[in-house]
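Asks: Read top to bottom, the protein sequences are chains P and H.
1 is the number of the first residue of the first sequence in this note's numbering; add one for each residue after it.
1001 is the number of the first residue of the second sequence in this note's numbering; add one for each residue after it.
Because the hints were derived from the structure by calculation, they are not lab data.
Hints may be right or wrong, so weigh each one.
Quick list of simulated restraints, FRET-style, between CB atoms [unchecked claim]:
#, chain 1, residue 1, chain 2, residue 2, range
1, H, Thr1225, P, Glu87, 26 to 34 Å
2, P, Ser264, H, Val1204, 56 to 64 Å
3, H, Glu1052, P, Gly127, 24 to 32 Å
4, H, Asp1172, P, Ala45, 21 to 29 Å
5, P, Ala45, H, Pro1233, 54 to 62 Å
6, P, Asn4, H, Glu1201, 50 to 58 Å
7, P, Arg262, H, Glu1053, 40 to 48 Å
8, P, Asp312, H, Lys1196, 35 to 43 Å
9, H, Leu1032, P, Lys292, 15 to 23 Å
10, P, Thr193, H, Ala1093, 38 to 46 Å
11, H, Glu1052, P, Ser260, 36 to 44 Å
12, P, Asp312, H, Pro1233, 24 to 32 Å
13, H, Ile1191, P, Gln164, 49 to 57 Å
Lysine-lysine pairs mimicking DSS-like chemistry, simulated, CA-CA at most 30 Å apart [said to hold, decoys possible]:
#, chain 1, residue 1, chain 2, residue 2
14, P, Lys292, H, Lys1025
15, H, Lys1257, P, Lys259
16, H, Lys1028, P, Lys292
17, P, Lys320, H, Lys1257
C-beta: ideal position from N, C-alpha, C; glycine also.
What follows is the residue order along each chain.
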Amino acid sequence: VIMNKVFVLLEYNGSALDESGLELAAVAASIVNGDGKIVALAAGAGIEAAAEAYISWFDEIHVWDDERLGIPDGEITASVLTPFIEEEAPDLLLAAHTNNAMDFIPGMSVRLDRSLVTDCLSVATSGDALTVVRPVYGGKVNARMTVAPGAGGWIATVRPGAVQASDDPGRAGTIVRDTVGQAVPLGRRVVRTVAAEGVDVDISQADKLIAVGRGIEDAENLEMIKSLAEALGAEIACSRPVVDKQWLPKSRQVGTSGKSVRPSIYIAIGISGSFQHMGGIKGDPFLVAINKDPRAPIFAQADVGIVGDLFDVVPELIDKISAASG
Amino acid sequence: MEIIVCVKRVPELTDLEVAIDASGKSLKNDDLVFALNEWDRFAVEEALRLKEEHSGSVTVITIGDEESEDVLRRSLAMGADDAVRLWDPSFSAADGYLAARILHAAISKRPFDLILVGSVSSDTGAGVVGGMLAAMLDVPQTALATAIDVIDGTASVQHEVEGGLERLVELDLPAVVSVQTGINEPRYVSIRGIRKVSGVEIPVLDGAALELEPEAISDSARRVTLEELFVPPVGDGAEILEGPTEDVVAELVQRLKAAGGV
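Taking the hints into account, I'd like the entire structure generated from these sequences.
Replies: In structure tokens:
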């Protein structure tokens, strides 16, 4: 495939562009033809000023800066961008694999008759196809897949953090202002944005976190974790399954659908380490993993690991920490 | 209210080591336990909850061979009214796009107010079918729903967005909603409950019955093709502490001390 035009969709949180935009720029640069164009699309109220910072990573940044885009609703974004993408017909559209993108990208791919592949760890071309690597079976296995073009080309979403952002490539970018026509998605209206319920402690400020996952097996076993947290002076956090079972409130969930945390010590107990969970751990803490499954993805990212039954390890750990700090 | 739930049978891998078979394209099947996809279990429960509140019926649909009947029977045992299985040998290599096409062919001929799907299936993890199906049906949609209320032909749906936030949107019905785990507490299904629905006849619709042109579901219509599965490189990874529990825990405490944690 000769990629003459690659589009990159920039995510905007209302004040800054998401860093994933520079990772997508690196993917685009690795695939685009020598004299091809890398064009970024940015839609949101006040986004033009934020887009200036990314200008030298792209040949053009198209901005739709409009008050009606104040809430980054996926379907509103799609209603603005879809006609433009159809008109400009890039070979490939890249977006970050986020909750926001997954709300509107699948529908957009059908409306544009483009092939869609999601949650890619890498994207390359081979012959007439796109070749990607993406995790399957909950990240226990990776899959190499080829993607044939739909009538309209490709769309790929790339997992944030999977690709290294490039240093400033010094492209001679320009900002192009586009006007928002009707930003009205089909039969869907935004009512309001709400914070997750049940805020009893702000784990995002904690210096030490003990995070528990599905492996804890029962709410009763949290007592043991509380003792460990007390011995260590840590707060308790968790992964999604623990919140789904209502063993702990949503405000203690770490991950892309929960809180971002920046502790110096993070002890993950009975957590497999899905990317949704790991995506919430920022700032490179000393990461300890305790899990009975030696193949759990968490061991790939932890500093120190113990493969073992948490019901043996945790009581021993409580004793030893109490002794050490007593 | 007529509710359709799209469900899928998937291998349960939570505690299992996986091995890749000789083809390099699928998992070794010997020890795999298959079940209703976790997200779909929440979707079925949500449909039943809405039916109990608003009356109507719940129909579960799956694409799959005979072995997929068990996830339909489980849904019937939970309380779904009807089940339909879509199967044709040509469906076996369907990607998310073709799955949405097949579901579209089945659903576009039926009346519905709401279609619920799991936000993602734990096998492919693609998360595309709900949004694609909505676009094919040209109805509104929302992904990652954590709460659904229906009032006067409108669904109020809360869904997960970025940064731990959720957003409340209103959808005109009919609509498609992709359901996130944790939206409810799926009810328990007893063995007796499963036995009670074991005799229910589940209709099977093939490509011809769905009026799908053979080329519309052929290999060349498929967009995403699996070439190879492989175990991800571990990279540097954790230093695994080995030995008796007492020793590894003592070592861990030393490491935590060094990191300023004790």
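Asks: For a quick check of understanding: which of the numbered hints are violated here, in increasing order?
Replies: Violated hints (numbers, rising): 3 and 5; every other hint is consistent with the structure.
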